[in-house]
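Each chain, letter by letter, is given below.
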Amino acid sequence: MLFAFNLFSRFVIRDVRRNWIRTTLTVFGIALGVSVYLAISIANDTAISRFKQTVSQISGKANIELLPLAGPSLNEIILFEIANLTSVGVKYTPMIDEHLILTNLPKDVGRASEEMPAAGTVPGEIVQLIGIDMLADADFKSYQSDADADGEPQSVLSAGSNKLRADDTGVDQNSPAEKSKAALTVFSPRAVLIGGKLAKRYNYKKGSILTALVNDQTEHLKVAGVLGTGGIGGAYSGNIVVADIGLAQDILRWRGQISRVDLIVPPSAAAAVQEKLSAMVPADVQVATPDTRSEQAEKMVRSFEYNLLALTFIALMVGMFLIYNTMTITILRRRPEIGILRALGVRKQTVQNLFLGEALGLGLIGTTLGVVMGAFMADGALKAVAQTFQYFYFKVPLEKVTIDPLQYAAAFAIGIALTLIAALPPLLEALAVDPAEATRRASHETKVRKSKDYLFWAGLLCLALCYLSALQPAVNNFPIFGYLAAFLAIMGTSLLTPLVLARCLPVMSRLLFKIVGVEGRIAATSLQGTLGRTAVACASLMIGIAMMISLAIMISSFRKTVTHWIDQSFEADLWLQSRARASGNKYGRLKETVIPAVNAVAGVAAAEGFVDRKIDYQGMSAFLAAADFDVLTSYGNQLFLSGEDSKSVCSRVRGMRAIISEPFAVRKNLKKGDAVLIDTPVGKKSFVIEDVFYDYASDLGYVIIPRDVYKDLYHDDTVSSVAIYLKDGANIETVRQGILKAMNKNSLVALSSTSELRKEAIRIFDRTFAITYALHTIAVTVAMLSIMNALFALTIESKREFAILRYVGAKKTQLAKIVYLQAAILGFCGNAGGIGLGFILSLLLIHVINKQSFGWSVQYSIPFDFIWQSSTLVILTSILSGIYPAKIAAKTLAPSVVRDE
Amino acid sequence: MNGLRILSLLMLLVLNFATPAFALQKVYKQALPGYQYKFPQDHFSHDQFRTEWWYYTGHLTTDDKRKFGYELTFFRTGADDQPVNKSSVWKMDNFYLAHFAVTDESGKKFSYKEKLNRAGLRLAGAREDAFYVFNEGWSVEKIGEHYLLKADAPDYSIHLLLDSLKPPVIHGVNGVSQKANCVGCASHYYSMTRLKTAGTLFIGEKPYAVTGLSWMDHEFGSNQLTADQSGWDWYSIQLDDNRELMLYILRRADGTIEKQSSGTIINADGSSKHILLSDFTVAPTGSWTSSKTKGKYPMGWKISVPSAGVDLVLSPNLLDQELVTGRSTAITYWEGSVSVKGTSNRKPVLGQGYVEMTGYAEKFKQKL
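Here the protein sequences come in this chain order: A and B.
113 is the number that the numbering used here gives to position 113 of the first sequence; each next residue is one higher, with no gaps.
Position in the second sequence counted from 1, then plus 901, gives you the numbering used here.
With the rest of the complex left out, here is chain B:
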């Protein structure tokens, strides 16, 4: 679910400035109700939809108990414009973007890198016939029943093997996760909410064995956001009682909240329940202002889902987990590792999560 805004921004730009001369635009498929998921095929790329992303976040611990959070995201967005001949390897029918961030919770350090490429000659790609998505040296692929993640940056690199402990969870209703009231203003969205993780984290050149838990989001659609939506908050929470919670809140420019904002609660046995905006509350407990971008973000949250017996307090593991992605998506957002404490099913519970907040550092619509 997260990342949507980022992609939409880029997509709008591409549409606005690159295509007026072209009558022949590619017609993309819309995300419509009734979509039948099929795995592993739905892990693959869906090039008939305009935008798509594979989003991994997770929490890692080394043998000596150092704690790290990571985010590795691959985006694909279709572009209509063809400045060059369509048969050229340099054609730009898809942009491939990727973000990689590591939060050193013990060392209080946040570091990120980004990539932007076209398919080119093995520069980047997402296969439609296999689960293999890569951007230069960063990649995610399915090997047997395992998922292999690789990413490297000057400060940190990861080589991780992920095993899903639960089947994929499909969000929304009838195969679509609605983002606004219009037809097709939606996406197909599923998650793998509990991925057992083991592998190596490199700090600089030095390898550390790590274990932990990851979360995967995969979403594809063509026309999710409407122009009056100004920002986005997304929460993914993994509780120690084997339950998970995903919530998203779409904020409108007029200060109201999009009625289609919703979430999913996943039980220990893998069963899940769609929850509506009226079923939950999120209240910020503080705020943080970025010295880099002057963006003012809520920081610390109280989340309650009464119907599921969930009352949680989320606290950031590091204040500055802001990504200024000038090079690829040209958008600033906060995506960070959080600690979770509270009650689930009336019992005390601990947990961990990731929170994404967009639209605080710049008011996209006004500038446009």
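Here chain A stands alone, though its shape is the one from the complex:
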């Protein structure tokens, strides 16, 4: 034992310490991979776990829910139908759970400065409005506070005062009379309870007046109390306004509508009740469990989450390569020593343990560091994705990460496992060392040289499989084969590296000889001589660069596509919407009477009303929208997949016909001519798909039907926005003023020009890709790390050759020059390979992974500027990382090294 430890400390630790720069780079590489992975998984998990938490906080003990299928709400008349279920012990209560925009906010005392609202938006904060039957059974929503944790859960009415913070001190808050007194104020006119977080942020107290923005109106509400953090009070992190159901309907203009019905069904009757309900509810109502909503949310964000996670796997892979690289080079360099150890009678097992210990040590330190870094980075990652989740998917507060020890454990396990996997091939190599053979110099190199042809063919096989994988369809909307293809591409190109280098280096040698003289030839030949190490270094550099390049290509292609799409399809000159919608409430509406009012304004050629709602389509969220195709035919300009002219497609969309967005088509596997079956309040309705249009506004997908049909089916004559087309020569400012004047004085609207809207769209795009930009930066860092790591390894391992060169008369400056040249060759080869692999990966990302995940067609666009700049950066970094090795090379003392020989 002691011997083993002694040996480890002398044989391994000393060596690791001597090569501390490379050790640091390796450890940091692993750390970066692990930390990025952990940060992203925590951010992803937080989003889903917060959603689930909110569901359980609001649904309480409910085990069955009635949910709307055809929009945000369902008709409350269903309560009348289910009233008789109480005879079998069923309890039920209606719920409203909707966004509400608060405006005229006092100065935010919690935050230092709020981000300036973008053009075309109105400042305001989105909070959640929870409408409940304040008299309902306490089993539904407890307002339990820590103080009465042992007690039965209480309803709002009775428990209210316990939880309402006393601001009139000196009153016995626990007396029954006080309880009732405080509780009953919630029934006074326009009285609401608010969450603790909201109260704290704006210093709201009992009696404060809130201004809510609903559609184009404001609504004043009086704070009757502040909720504690238990039960509903903790939902949405306390960013809530709780009102009695009737008031909530009033606020939202939701007469007779509710978000859902929560039911508590005795477990023994659950199946029977569920069956009975299913037979009883109207066509646009779904009988579900609270889990259903969480599952839907999970499905909705799955593509987005896995995409991010896949990118982090590339970072992990680079970390793996760093380990592989380091271990391989260590073992190659130390073959003679291994041989000596073995010749001295040290057992294979011990040698294995020595190197395993080294790999494990590096892995442990790197992973631990990675987990710590990841924990710190998680908040940033969450911040970067929070707005995307909230804007595109669901609005739950994501200000703080949810700590799940399992996440840390998983990241740790992945880090260690990948380290061991990466260290395995070099380890096997070390074990195969034959004591006699090992003493011969470069014996391993002969082996690599021998097997490079096999490796090449294996590489080609990988690439062939990659190609085949790329052609496979998604499995359940999940591009599993796309990810496999990306992995195969990385493997394949790495395996090609030795042979390609073996073919290229002689050419380079001749070329460099002509340009820089003998040092050039020696630099290239020496790399050729140590092909094994060169190939590993080159491959790891290549992967880092490929990640950087592929992300750059993907982002630039995406941005260009979206910009083009916006320019093409935002044809209208002005866009009118309610203030509430402009502030971020997607359900902010206007009465359709604004359309004739706008049409009457001088200079307006046409106004088109557009309305959309989130619907449930085959268990997944999607948008149903309605547009005025008469106006679209004359003025609009949608881009269609068929390439057909917008006018001719739009002219055919009448009656039970629809156009669908590309993501919807891809995800639901629908095409032109198919029928799409939509749940409406009057049952399932079938629409014939007239064409598929390009759309990048949402990956959930749109179905657009004629608005007259929509109005009949949904009894909804409101509009979300109005696209306004001007007459030729009309002055946009004059018309804008004219429209604002034509609006009802009490109507709060937002009128944006198309250029403002475009800016906003690009802003949202950039925000969505913020996390990708961050990953991109990390990719660049990792790429640079691998250059340095590879070079340090190579040059330091070439000491012996330098000594011989010194011995035969080479000058110090010549040695330095050789090192710099080697660095440049390596940088060049790695960069060239990286660009090649980067292209392959970007093709996979754009045409397979993203296409299958989100359904977006992205026009491939190469950011030449970036590639040019990054290449320069890579080669410069390579040369710069040669500085230290060059110094070492120059310092090499010939006699001491050559004496061995």
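Since the hints were made in silico from the structure, they are not lab data.
Idealized CB from N, CA, C, for every residue including glycine.
Treat each hint with caution, since some may be false.
[Unchecked claim] Heads up, incomplete: computed chain B residues facing chain A, CB under 7 Å, no partners named:
1. Trp991
2. Lys1014
3. Leu1017
4. Glu1037
5. Ser1040
[Said to hold, decoys possible] Here chain B is said to cover these stretches of chain A; the calculated rule only asks that three of the stretch's residues, wherever they fall, bring their Cβ under 8 Å from a Cβ of chain B:
6. 668-679
7. 858-871
Since chain A is already given, all that's left is putting chain B on it; use the hints.
Relative to the frame of chain A, chain B by itself:
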């Protein structure tokens, strides 16, 4: 008569805290002398009065002689405040409350549940055109000449059919039961004092056939209690000689007894007599302190009505029959089944009764 305090409390709260912003208050009818009762119409809801309740208490016996007491009460109280549009189904023009308690006299167990609702979409209601009062799954309705009571709770449920053996008894004088000296400080109050009862009592899920005798109170008014009244004792007694006795005593905050406290004695033939405070005495024989609320209640009573030849001793069938109704009325009261022994018309008699005591667990006025 009982339950009045509970309702008044809630009513006061609603008035005090919910209405100041409103000039337009609903004007309720006052309980004034000269009211002409008409049945079955007066069983129905009287929405023109602010408060109203239907109160059932009774004693049940199973085939194997297990004894149970029950209380099932439906309240309605009008509220002026309209936080939402009056046309909304969620408007709160009336609150509906209900209490359901079962005393397992043999098993020495007391259990109760409460409900509070607005009319909503079939959540609760009391019809003005029929005798049908319900709160979620609990209900009382008149079917032919029978009354059907239904209530369920996790521990106990009842399905009972009641038949009145006597016509309704109208309490008070000239159609009003005066509660204080002011005009309108009164209610319209009648009882059905002897209701033959049969049906099913569920203990958990298990049904037991039961028979017994019930008592029904129905009272409506708008402004019964005055601010200086602090508590209330109410007694309903069914004697084996087919006579019944109802008494109520209003206690004032200053320790005196409201002069309007009174009662009614009902003879075997259904005829009845109003009795004044000076006609009867009630003396407690002991006391009981609630461990839950620390309220100290009189426990055990000697009641004597000399003019009717009645001398009775009432003993509780279970000490803890206290209801802490945090969820609905936010008031604590003792309402329990009692056994009765004594003399009636100078002859030994046995009987059963219900006693209600309010205002012992909290001093409502001081807190307010």
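message = Need the list of violated hint numbers for this structure, in ascending order.
response = 2, 5, 6 and 7
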